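Visitor: Chain residues, written in single-letter form:
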Amino acid sequence: MIFVRKSLSIADMGKLSNLTGDQIRGIKLLGLPFTYALLLLALPLGAIVLFSFWTQDFMTVDTTFTTRNYQEIWNSPIYGLLLRRSLMVSGIVTLVTVLLAYPVAYFISFHVKPSKKSLWLFLITIPFWTSYLIRVFLWKVILGYNGVINSGLLELGVITEPLTFILYNVNAVIITLAHAFAPFAILPIFVVLEKIDRSLLEASQDLGESKFSTFLRVTLPLSMPGVVGAVLIVFIPTIGDYVTPELMGGAGGKLIANMIQTQFLQLNNAPLGAALAIVAMVCVTAISLFFVFLNRKYLASRS
Amino acid sequence: MTDLIKLRGVQKYYGDYHALRDINLTIRAGEFFSLLGPSGCGKTTLLRVIAGFEGVSNGSVMISDKDMKDVPPNQRPTNMVFQSYAIFPHLTVAENVAFGLRKSKMSKAEKADAVAEALKMVGLDGYGKRAAHALSGGQRQRVALARALILKPKVLLLDEPLSALDKKMREHMQVELIRLQRAVGITFILVTHDQEEALVMSDRIAVMFAGEIGQMDDPETLYRRPKSRRVAEFIGKMNFLPATVTSVGESIGLDIAGFGQTDVPQDQAPEGAKPGEAAIGIRPETLAILFEGETASRHEAPATVDEVVYYGDMTYYDVRVKDVPEPLTIAMKNLIGRPVLEVGAQTRIAWDERAIVVF
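Protein chains in written order, with the UniProt record's numbering: chain B, 1 to 303; chain W, 1 to 359.
Isolated chain W (complex conformation):
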């Protein structure tokens, strides 16, 4: 894949407020890329910088090796799906979709065909004559998609496109967007604050905090090997335990509060880790409650159930382990024949050093 968008040392100030701090980013052609972060982290600002709605205070934005410094939004090879969808209320669905075709050299009939094709692609076949204001949220979003994709941009920018939809519709549209992106082969850049959405949809994710990129990786690496505690906290749930790094070498020797001593491979710890105080993280689903007759394949520890949250398919337990300051969260699938424990029950938990991340 070739590099399509390159951001080098991008800074953005609003007065004294430092919205983007030295963003370096390369996005490849055909990639589904997500900017993930809490509100106010600068992810939307970054998207608007790429679209051209915001200038940069410092640094450069290159699209297809062309500097975008003095290129206004209407001349960039990008199109955007706005958070509010920004459907023109005075136009019909077809007029909305055809909005960007005014300057194209297509004949009237060709334009009508292109509009029909774009509407078909987003599943709105035959909606062309409807008034835009009579559409539901999901339909508006499809119109916004069709309106942008009909122009065959190099990059499609999506600003929290699913946040206004209800849960069912959102999950449905996630799958549709992935399918659409594969079908058209256009680079998608998605801004979202929903970590699950980013994990489901993206080829790569940049996690942003306070105007900086905290980590940029594929979803699996990001989830399994978060490089910092704030990334680990933002993506999914993670238990943190105090630990001491006892030795550094081929593998890292650890003494974990409540769990005892173990060794983990180098790639589960930050580069240049030194002996001394540290913390380790472990995901709730990599821990397990041991029910009667079960034994741990690696390590186990006695525990007391502190809290039970029943989700139907899953049960989340908070358990106390001796010498661990905070209760540990454990996610257990509700398999056939598996009981749901009561608060206060004595049990044993299994843990595995391969799931440990050292911070």
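Isolated chain B, as found in the complex:
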């Protein structure tokens, strides 16, 4: 549809039957993906936005336009607390994941033989062979009161009573999420590292830099697009994750997504849940845009 608007002059707008072959082909090409995007992306989002301006009246939804939901979110401290905690947890998860992913991606790109690289990437996806839920439960087994870590450390006499700060709190959520999203961070960083012309690194050494300062002056800046990509890929979905905090977070580890789920499914207040979802989305968008903006300089140099 956009194609049609751009390519037709105003005079032609009235007579769509006079489309040229190229224009018809354009509409045919764009039609399907456009419908797809409309139905699967724009429509649900529009519905959520619409819902957030309605209210729940016991069993029915009152469809008069109001900003009451947003006022309630602004006025009740619980929502702000959950949102801040969510942003903090996602921020830490992102930081930990990207910091751990970078050396792995670097190692595969620079120190693994080219013929072995795809094998390494394949091995990294092994945790994905099983369901997300099972991986979360396995972390419970590892981190639990009688779990692998505690019983192991007790056996060894390192500790005298089980550690409790590793399950049913924010720490457990961070560990589990950081593990779950590791491959998503490794892959984009690996891809940009692969694209770096190795002669640039030699040139840097030739011009007097050591291997380490070459990394700081050449490799790291050139890999920033991948790092920012990894940050976005990890940060955005972790904000919305509610399975891990539900299972691992205990009472103090609940996040904004758990509240959204509660509003929708338990308290039967879809409009408030929708408003919460919009608020969370706006926060994520703002932070993501900041990173995209940060990335511009590096991306521009690649064109």
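Please keep in mind that the hints were generated in silico from the structure rather than gathered at the bench.
One or more of the hints may lead you astray.
[Said to hold, decoys possible] The list that follows gives simulated cross-link-like pairs (lysine-lysine, PhoX-like), each with its CA atoms no further than 20 Å apart: (1) K111(W) with K211(B); (2) K154(W) with K103(W); (3) K69(W) with K111(W); (4) K154(W) with K69(W); (5) K167(W) with K152(W); (6) K211(B) with K69(W).
Nothing here was measured: the structure is a model prediction, and the numbers come from that model.
Guided by the hints, dock chain W onto chain B, whose structure is given.
Guide: Frame of chain B; chain W shown alone:
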């Protein structure tokens, strides 16, 4: 001139592959030296050995009488212009040129002056603020040159620096590089597979084949007196004819197929030449087609035109001479009034024993 770089018995293995076989080489200070050879002959490996990117399996590399064995590339008095130019895409032109100055004791203003001066030297005055990725191939190369020369290295290593440029630009840069080298007085070592480029630019050339140096000489000697058939074949065009060495002494007596008997001075034959089967080589431009009314000053032979290739300024003829197995290539300048012969034309060719090289 003093000796700057000495390579003694340098060997390099990659697994079982013998990339460099006993390289002995001395390069003098201020020299424009070329490593010439077909791809895979080890010339780039040798350059990288000098730069320090490759270690040697055996032998020694000395620069200014200092053994470079454990000296990493960033501490060698060499700088390199890479084949891909390796311009940092995330930096501006000026930042690229200033890259190697980080550790220098110059003030900020002095560095800026040095960068401006280096850019001026390579003809990129005022390009400092441009983004490196917005440059053309020729400009990238100039940035790479400025970036290396600003550090005033003892040796500038150039790895096929002109191969990515189009023909006009390449010829232009050849002249610029010679001018630049004379201006800065730094030793240049050029790696190239283009024999013409090597002949045009170098003071001396080492021709390499399969990890060995086939011959090392100044361009003229290399062209006029190639010591082996493969050097002669690699540099320019050469006709080869079977011949018999009939006598050895003050001069060498030859009986050349199709040409007959002649004598050549000792220096046109390999040392210790013995009577018996041999081959001689003769360059296309040292033979001549005799047009009507012309006579040969030395020798002549009847011939038939087999092929004509017209280049505009030159015409290359392939001619058949009785008893010579292969057609001979002759290069003739298209002078005023000189006709271009047709295929099949009967003609006479002139040859001169002073142009003959015995193998």
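Visitor: Next step is simple, just say for each hint if it's right about the structure.
Guide: Hint-by-hint comparison with the structure:
no.: 1; hint: K111(W) with K211(B); result: 24 Å, violated
no.: 2; hint: K154(W) with K103(W); result: 18 Å, holds
no.: 3; hint: K69(W) with K111(W); result: 32 Å, violated
no.: 4; hint: K154(W) with K69(W); result: 17 Å, holds
no.: 5; hint: K167(W) with K152(W); result: 29 Å, violated
no.: 6; hint: K211(B) with K69(W); result: 18 Å, holds
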